[in-house]
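Residue numbers (the working numbering), protein chains in the order written: chain D, 48 to 380; chain X, 48 to 380.
Just so you know, these hints were derived from the structure itself, not from any lab. Note that the coordinates shown come from a computational prediction; the quantities given were computed from them, not determined experimentally. Honestly, I wouldn't trust all of these hints.
As the list claims (entries may be wrong) - DSSO-like, lysine-lysine: derived pairs with alpha carbons at most 30 Å apart:
(1) D/Lys135 with D/Lys192
(2) D/Lys135 with D/Lys335
(3) D/Lys329 with X/Lys262
(4) D/Lys59 with D/Lys89
(5) D/Lys329 with X/Lys159
(6) D/Lys262 with X/Lys159
(7) X/Lys215 with X/Lys192
(8) X/Lys89 with X/Lys159
(9) X/Lys89 with X/Lys262
(10) X/Lys192 with X/Lys335
(11) D/Lys192 with D/Lys159
(12) X/Lys262 with D/Lys192
What the hints assert, rightly or not - Sample of chain X residues facing chain D (criterion: CB under 7 Å; computed from the structure):
(13) Thr295
(14) Ala300
(15) Arg302
(16) Leu308
(17) Lys319
(18) Leu334
(19) Leu336
(20) Leu340
(21) Ile361
(22) Ala362
(23) Arg365
(24) Gly369
(25) Gly373
Here a beta-carbon is modelled for each residue, glycine too, at the ideal position from N, C-alpha and C.
There are 2 protein chains.
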Amino acid sequence: LIEVSNAAVVLKRYPDGIPTPADFSLTNLPIPHLSAGQVLIKTRYISLDPYVRGVIAGRHMGHQLALGTVIVGATVGEVVESNDDRFKVGDCVLGSGGWQSFWAESASTMRKLDPSNSTPSTALGVLGMPGLTAYAGLIYLGLPKIGDTVVVSAAAGPVGATVGQLAKHAGARAVGIVGSAEKADLILGEFGFDGAINYKTEDLAAGLARTCPDKIDVYFDNVGGATLEAVLAQLNLRARVVLCGLITQYNQATRPAGPNLGPVIGARAELKGLVVYDHFDKLNHWLKLGQTLLSTGALKYREDLSHGLEQAPIAFERLMRGDNIGKTIVALP
Amino acid sequence: LIEVSNAAVVLKRYPDGIPTPADFSLTNLPIPHLSAGQVLIKTRYISLDPYVRGVIAGRHMGHQLALGTVIVGATVGEVVESNDDRFKVGDCVLGSGGWQSFWAESASTMRKLDPSNSTPSTALGVLGMPGLTAYAGLIYLGLPKIGDTVVVSAAAGPVGATVGQLAKHAGARAVGIVGSAEKADLILGEFGFDGAINYKTEDLAAGLARTCPDKIDVYFDNVGGATLEAVLAQLNLRARVVLCGLITQYNQATRPAGPNLGPVIGARAELKGLVVYDHFDKLNHWLKLGQTLLSTGALKYREDLSHGLEQAPIAFERLMRGDNIGKTIVALP
Chain D
48 LIEVSNAAVV
58 LKRYPDGIPT
68 PADFSLTNLP
78 IPHLSAGQVL
88 IKTRYISLDP
98 YVRGVIAGRH
108 MGHQLALGTV
118 IVGATVGEVV
128 ESNDDRFKVG
138 DCVLGSGGWQ
148 SFWAESASTM
158 RKLDPSNSTP
168 STALGVLGMP
178 GLTAYAGLIY
188 LGLPKIGDTV
198 VVSAAAGPVG
208 ATVGQLAKHA
218 GARAVGIVGS
228 AEKADLILGE
238 FGFDGAINYK
248 TEDLAAGLAR
258 TCPDKIDVYF
268 DNVGGATLEA
278 VLAQLNLRAR
288 VVLCGLITQY
298 NQATRPAGPN
308 LGPVIGARAE
318 LKGLVVYDHF
328 DKLNHWLKLG
338 QTLLSTGALK
348 YREDLSHGLE
358 QAPIAFERLM
368 RGDNIGKTIV
378 ALP
Chain X
48 LIEVSNAAVV
58 LKRYPDGIPT
68 PADFSLTNLP
78 IPHLSAGQVL
88 IKTRYISLDP
98 YVRGVIAGRH
108 MGHQLALGTV
118 IVGATVGEVV
128 ESNDDRFKVG
138 DCVLGSGGWQ
148 SFWAESASTM
158 RKLDPSNSTP
168 STALGVLGMP
178 GLTAYAGLIY
188 LGLPKIGDTV
198 VVSAAAGPVG
208 ATVGQLAKHA
218 GARAVGIVGS
228 AEKADLILGE
238 FGFDGAINYK
248 TEDLAAGLAR
258 TCPDKIDVYF
268 DNVGGATLEA
278 VLAQLNLRAR
288 VVLCGLITQY
298 NQATRPAGPN
308 LGPVIGARAE
318 LKGLVVYDHF
328 DKLNHWLKLG
338 QTLLSTGALK
348 YREDLSHGLE
358 QAPIAFERLM
368 RGDNIGKTIV
378 ALP
């Protein structure tokens, strides 16, 4: 190895509200020492995800990140040393390296990526956890039918954009809720949504009535809060609501109240909690389907790509503010 | 007919909060004149139900009761005049007469009751809409399995008591949430629940932890509010929550906020809106099953029985305050 140390971003203090770069420190750690069965990987792409805000706060699946710890996250990288026959130097892999330049991981928890794939960062987005979240949540919980109206929030993000495009493939109408005119144009244009609501400039109830004249059959919720409440008021009978994310509350210290559930009774609707970890049995199917759709141009994606580890805290703040467009990824040299 | 007028209770003013007798007027209306295909019935039993509070307020299935109108409700009575071959004088019938001494109804919307049934008022409770609500909601939406823990609120009421007993028959544990020591004794004793929580004297979270050591697989919610929020925090993976009633908010002028839905995601739970009107296809099956269980003593019920039409507003206030025990019924002479 030419490098003698491992640049990393660690948690400096627990953020109050939206995390800013001042909550993180750039530091140099030793290059990890490999145990038996482990592989050392040089990081190429780091995935930044909203759930990490919950991990930091101790509200994600029971884990909390300790101060001084490397920020967690999925990563794509290149094997530089291997103690396992399944991986050799030069292999491109997907693992859980977090915000650092090198990581060591057990061979058993990693996946080798196709070396012919010219866009390995998609393993962090449309062909990774966000894409699987969209696919499994929409198809297995949302149960869209031909002619249904499917609404998704955070629609320009990697999950939302995939939900809308898969809804179209299922024969449904797709309506996206976004937070800027640029995102509205993106989902209507490149992603082929039938309707878009910019909740920062249009009343949500009016926007839903405008874009969903036949009301709402499926709502894929990435945000919670007032958006969820507005959608519940316009559900069709027997509508399905996939509860995937609560980004409106990730940066709050306490859990706010939720929507009044009277309309759920009136609509005989179903609200279903989605955790993507339950659906990894569908990953191979999704990789095959997603790759096919990508290769024909029937599925598209965007990346919010930054370069350099020091950019990670800045990109994370942008993600938490909703100022990103597409999957937030940090590329390392 | 000996009677020349029809004593009735009408809405005098829209209640502010819990309805009191001052919100109603006792009046005399003409005996209804029969149209073709209609039947005239003398009222024997009137069902008082929480949903009527929503009808008065205009928040139940889009209907609102006008001032001066007879209060609605299911009724059991005896045919005194018939313009339809399917009903003859003396038949005992179930219909929708509301709070009055006589009612006229189309033969097509009524059901003849078995004259050998010595307890025809059960057609308003355990063998009527409340019983069907419990049966269909628990079995078709709650999906209880052997060994599951089923929690139900308003557990001493006609829906809740039936839910708990049917949960036991399904091989599940039954835990009821009630508002008095007397009700707790009733559900533990007569109704055979495994656990009871008196939310007025025990912290709900502590009570649920005490009675549900293996957490909660099914929650049948009749109340909403803080009770629902407390239950969501102790759900098992893939729990089912049947949203049946919101009695905590029926007497409020505006719809309060609901529970934070983060725990629903964490538990991968499903919240399902229940409206009994969707389940009348299961009525005959329930009548058969329920009658069998009643006849062997495997299913029990209680009635909060008042005598005389003038008692209806008093009994309704008692019901809205949760001071009733069992199905609220007014018997007419």
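Checklist entry - Was the hint right that X/Lys319 lines chain D, CB cutoff 7 Å? => result Constraint on X/Lys319 satisfied, holds at 5 Å.
Checklist entry - Is D/Lys192 close enough to D/Lys159, meaning Cα to Cα at most 30 Å? => result At roughly 35 Å apart (the allowed maximum being 30 Å), D/Lys159 and D/Lys192 break the hint.
Next on the checklist: Can you verify the interface hint for X/Leu340: is its Cβ closer than 7 Å to any Cβ in chain D?
Outcome noted: violated (27 Å)
Item to check | Per-residue hint verdict: X/Leu334, partner chain D, C-beta under 7 Å | outcome: Since chain D brings no Cβ nearer than about 23 Å to X/Leu334, farther than 7 Å, the hint is violated.
Checklist entry - Is the hinted pair X/Lys89 and X/Lys262 satisfied, with a Cα-Cα distance of at most 30 Å? => result violated (49 Å)
Checklist entry - X/Lys89 and X/Lys159: Cα distance at most 30 Å? => result Holds, because 14 Å separates the two Cα atoms, which is no more than 30 Å.
Checklist entry - Has the given pair, X/Lys215 with X/Lys192, been kept, meaning a C-alpha gap of at most 30 Å? => result With Cα atoms ~10 Å apart, X/Lys215 and X/Lys192 stay inside 30 Å; holds.
Checklist entry - With 7 Å as the cut and Cβ atoms as the points, is X/Thr295 at the interface with chain D? => result violated (11 Å)
Next on the checklist: Let's test the interface hint: is any C-beta of chain D closer than 7 Å to that of X/Ala300?
Outcome noted: violated (13 Å)
Item to check | X/Lys192 paired with X/Lys335 [C-alpha distance capped at 30 Å] | outcome: Distance ~22 Å between X/Lys192 and X/Lys335 Cα, so the pair holds.
Checklist entry - Are the Cα positions of D/Lys135 and D/Lys335 separated by 30 Å at most? => result holds (24 Å)
Checklist entry - Does D/Lys192 lie within 30 Å of D/Lys135 when you go C-alpha to C-alpha? => result violated (45 Å)
In terms of the numbered hints stated before, the structure departs from hints 1, 5, 6, 9, 11, 12, 13, 14, 18, 19, 20, 21, 22, 23, 24 and 25, listed from lowest to highest.
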